[in-house]
Amino acid sequence: MAVLAVQNLTKVYKSHKVLDNITLTIDSPGIWALVGPNGVGKTTFLNVITNILPTTSGTVELVGKPNKDSSVFKEVAFLQDNTVLFDYLTGHDHLKYICDVQKIHKDKIKEVAEYVGMEGYLKKTVGNYSLGMKQHLLLAMSLINEPKLLLLDEPLNGLDPSSAILMRGILLKLAENGTSILLSSHNLAEIDRVTKQILFLKDGKLTVVDMNQFEETYYNFVLSDYEILKRLLIEHGYEVKQDSLRLQLKLESDQLDRVIDLIKTEGVQIFDIQKEKIGSEKIYKEIFSGAQYEKNPV
Amino acid sequence: MKYFLFECKKMTKKRSVLITIILSVVAMLGYYVFNYSVADRFQKWRILDLENSQIEYPKKIAEDQLELEEAEKAGDSARALELQRTIGIYKNMLEEKRFDWENIHANNWAAIAQKQYEYLDKTVAISKSQNSPSAYWLDHQPISLFTVRASAEEHRLLAETGVKPLVQANTFLYYHPTAYDKFTGEALEFWEESTKRYGMQGFHFLYQIIPSFVIPFVILIGCFVFGNNISAEATKKRKGLNLYAVLPLKRHSLFLAKFCSGLLFTILFVFFIFCLPLFASLVTTGLGSLQIPVLMYDGPAESLLGMLKSTILNEWTDEFHFITLGKYLGIVLVLTFALIFLMFSVYFLLSLFFKNPSVNAAILLIGTFFGMTVLPKSPFNPFTYVDLHKVINGEFAVFHFNEAINVTNGLILLCTVGLLVTVLCYLRFRRYVVE
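Each protein sequence line maps, in turn, to chains V and D.
All residue numbers for the first sequence refer to the numbering used here, where the first residue is 1494 and numbers rise by one.
All residue numbers for the second sequence refer to the numbering used here, where the first residue is 0 and numbers rise by one.
Worth flagging that the hints you see were computed from the coordinates, not collected in a lab.
Using N, Cα and C, we set each Cβ at its ideal position, and we do this for glycine too.
Do not rely on the hints blindly, as some may be mistaken.
Unchecked claim - Covered, in the sense of this in silico footprint (three residues per stretch, anywhere, with C-beta under 8 Å from a C-beta of chain D), are these stretches of chain V:
#, segment
1, 1592–1605
2, 1650–1656
3, 1716–1726
4, 1753–1765
To be verified - Below are the DSS-like pairs computed for lysine-lysine, each with C-alpha atoms no more than 25 Å apart in a straight line:
#, chain 1, residue 1, chain 2, residue 2
5, D, K12, V, K1507
6, V, K1589, D, K354
7, V, K1599, D, K249
8, D, K1, V, K1617
9, V, K1589, D, K249
10, V, K1558, D, K8
11, D, K249, V, K1616
12, V, K1689, V, K1616
13, D, K195, V, K1617
Please build the complete structure, drawing on both the sequences and the hints.
Here is the structure:
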């Protein structure tokens, strides 16, 4: 049984085809990132999946049942943007209501609040929350029923670095424990850290890309002398870029040792080396600037 | 039930609800206090007038008495006759004023009502014997005999029960205004000012304001505050409805929770606002008697042959009766429940189409006004029943010659239409999407 099965899904909004005959199946735990520029239809796609918006044509099944069956949300959760929160209620009120609807024991509120790190402001009204605090509450509301499928719409919005690290850790742990996660995000660096499975949405079409095929590793060297070394590395066939502060080389991991030896033999001092993996960002630029790439439309 | 309680909790935590309640409380208490002060002024004027008369009239009589003696000494018989008549009039007036003054001080309202009843009853008898509509005319326009008859009966009942009546601006014209009076121009203005009644006590104040459409107006405010619990959660900035959409929650449960919580709070709000004068009266003059008689129109009498009732009103023979204020308020209470249900369901339906509460309130207000004024008064027109007072006292039934315009039919129609509109609300809600 697929956790998420989308068949020939089309959504037309004001005569514009936002989603065009999309088919997608997720049948194993893991994290999938839905990527696309603003207004491309990422939120619409998630809203249609969860039946918040009706489909124009096609079918959507969640955990083996049609998405029109509200009982699917016993096993599915959707983290939406913070406009769904009620400013005049407390975080506790929100979580208690979800416990009531999901028939979950109230003890779970404290547990999940501690898990996402919001126990300190659980009893404060949401109107007084910061953007990050609201995001924590939304996450807690999504996790409280331990879903099999977790959909997240821009979950990293408004999070400070420590919260982003926490969110990333939670998502990775959930995936490890068997949850299928589909998240939309603009934060490509964060996406690179949590998943290699990217769904690009463009012109209503979904393209799935396994980033393992496209991931490139770059090493940034801070050196005592750049000019001699740059010439030497180019002569040895390395791809070199240089700016005033660093020398950037695209390397496979087994080539690093050889490059360091080469630098040492030339008597140049290494002050610092930084590793940088470039994946989704590069593909993103290529896809959305119209450049050619090898794609797998789904 | 838990969903319903959650919706109730949301209502209680909204700041806009608190502000509206505070403003409504201030407005209603202000209205009561203002009305109380006007009534109190009239009452004090009456007492002052009675007290002054006890000083001024004997003085005037004594002066006239001296003048009379001088006129008799001088042999001025014409002047003496005139003075004797004046002294007689003043003595009568003094006696009447003393009677009122003493009984008001003794709180003996029955005696005052009895005296007024006797006067009015005599007026009716004279009118009938002389075949003239009334013994009292305003600006060449007679007071309807129906009004005199009804006023006499009212005072007879007041004399029987001995309850303190409502304060009336003009204590000389102690008539009960009725729909049979057809005054125009200055006479109408004078009549309305003179016969206007003010309730100082809690229940009497409610009786005074019910005919002024205060109830539908308060219901409208209630709908405005509590009837937007779907539309307010489906705007671009607030999409609370989308939260419910991703929970294992049946749509009809959510609809019922939202509709019933809004309806309950509207009912509580309306009754709370109308309880305020009762609470306030506890620190002023008390709740008042529920034995005050309330006029009910019965229309043309049935012919002796048992044939159909006439379709011509006749102030000489048309029938009426009185019920107690307690019974009247009980009927108002029941009809108000039904009216709240109808108005709330209509407002709720509007709110599912238009997200701006002010637009919905304006449409409901204009629609109600149109329905009341332009549409014919019919038992099948739900807006007929917005004027609770005229439905309960039978004025609509009598003046439109349609006995079907009554409380029972009103209850059935308001509840049926309310139920149909609620079903429409649900159908609309099922297809409701937050874009």
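(message) Hints numbered earlier in the text: which of these fail when held up against the supplied structure?
(response) 2, 3, 4, 5, 6, 10, 11, 12 and 13
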